[in-house]
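Colleague: Listed in order, the protein sequences are those of chains C, U, W and S. Throughout the first sequence, residue numbering follows my numbering, covering 1 to 145 in sequence. Throughout the second sequence, residue numbering follows my numbering, covering 1 to 145 in sequence. Throughout the third sequence, residue numbering follows my numbering, covering 1 to 145 in sequence. Throughout the fourth sequence, residue numbering follows my numbering, covering 1 to 145 in sequence.
The hints are simulated quantities; they were obtained by calculation from the structure and are not laboratory data. In this text the structure is predicted, and so the values were computed from the model without any measurement. Wrong hints could be hidden among the right ones.
Since copy identity is lost for identical chains, a pair holds within one copy or between any two.
[Unchecked claim] Computed list of lysine-lysine pairs in DSS-like fashion (alpha-carbon distance at most 27 Å, straight line): (1) K51 x K22; (2) K26 x K51; (3) K22 x K78.
So you can see what is in the structure, the chains are spelled out below.
Protein chains: 4
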Amino acid sequence: MSDLSLAAAQTILSTALDHCRKGNFKPMAVVVLDARGAVKAAAAEDGTSLKRFEVAHGKAFGALSLGMGSRSIFKRAKEQAFFVAAVSHVAGGALVPVPGGVLIRDAGGALLGAVGISGDTSDNDEAAASAGIAAAGFTADPGAD
Amino acid sequence: MSDLSLAAAQTILSTALDHCRKGNFKPMAVVVLDARGAVKAAAAEDGTSLKRFEVAHGKAFGALSLGMGSRSIFKRAKEQAFFVAAVSHVAGGALVPVPGGVLIRDAGGALLGAVGISGDTSDNDEAAASAGIAAAGFTADPGAD
Amino acid sequence: MSDLSLAAAQTILSTALDHCRKGNFKPMAVVVLDARGAVKAAAAEDGTSLKRFEVAHGKAFGALSLGMGSRSIFKRAKEQAFFVAAVSHVAGGALVPVPGGVLIRDAGGALLGAVGISGDTSDNDEAAASAGIAAAGFTADPGAD
Amino acid sequence: MSDLSLAAAQTILSTALDHCRKGNFKPMAVVVLDARGAVKAAAAEDGTSLKRFEVAHGKAFGALSLGMGSRSIFKRAKEQAFFVAAVSHVAGGALVPVPGGVLIRDAGGALLGAVGISGDTSDNDEAAASAGIAAAGFTADPGAD
């Protein structure tokens, strides 16, 4: 289990937010979790809805829970909604099965953590997360359709 | 209620893990519950995702909750997702309705406990659980499609 | 309800962390909540324990829940632990009744949010929160013994 | 964050159980968590009470949550019961503040996980955990009175 530093997490966060501003996205919440599922860095832009942080958190925490980017969980949810609902329950409720929960891997493929973003379309959320991860020198693993 | 000894649970566990290694399965979590639903033995291989133990546990606990292997709960979930979601709720959240939660029965059919396995395909998970139960001299009851 | 901007929250956060580094505090978690109790900004330094973010969050959320800095809740807990335990329950669990949860007020006294910090002694945690709030031009309300 | 292998966790587990048998302890539950708080290995001896695993788990999970052996949390609980109750709540409920939750550290002091044991006196529980950790070549950090 490798470490994600606060400095790297803040680079991911600020780059992701820059990406959102350049794309004129809606108000966004961004959260970066380490490999333990602990919050490492987070920010919510002005104007986000009441539970936007929790949605972003659930994308990242769900990705870590099952070890796959939330796009893959999204696919599974469309096929077997009951399975994803059950895992959500046993994982403590924090699992939001739509794109935008992206695993952070190092050059060797080791899991460092996950980024969760919510606010705009799921595709835009995911792209912002991946941009942030790349800026920190890591590999984004968003899952697959 | 019949007893499942720790020695028997450990035989189930080690045989199931051997089955997974021979089949080159992904990193697995295995949990053996006694008839009360208490954890008797558990192991998570290196590289499992954050909540893999909870998923394995939910397969076994769900099987005990309804008295049927989780393959039968899987069938019910496809027919009546709302029923399975409701049972998950009243059972305390630990019910994962896919194959891989296998009841342990003795020669007379008495219920001794359940094995839950997660990590590879649900079919592979279930086969590993059944192999472990057989090695301990008991009968595996995985449920039916 | 007055607004706390992300820019202000980030000033609070970075100043609080600078305060901790200058004081050679242990690894810290810092969270800034807006007046609704939503996460606005957060950071956890390298080496924090598994639930340090949740402790910091609970200090800030508790302060907002009862409308007083967590030092006042600490006093109440020493007098009437059952009351604080009950509020913790109805508030959703996130109420940690020790100093370090500090309300953010503007010049007119309006409530903008709260800062929660955990990692070192409660007094040091609180001082870091107050330093951050002052740097953003607001008034820190830590509660009273 | 360093890795705790399944092989090392099983050495800790079997040595701790041997220690309990040699001391003629009551029926014991033992759980080994990795640094993420995920179950790595567990066993419950024959005759354990219904929630003995959960007690053992709560000792280990509490130790990881606050980053100190549960003997230190025990001391804090005697001084400020309301604080420990609150952290228990925000940590998801899994925090049992008595000796027997022992952190696992490597030679460099890095945190690898925690062992939780319950069944006999707290002092005996703790000694069994420490014996297991030493047998795996690691350093036991049980906390202090």
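Colleague: Hint by hint, which ones does this structure get wrong, listed from lowest number up?
Modeller: Those not satisfied come down to hint 3.
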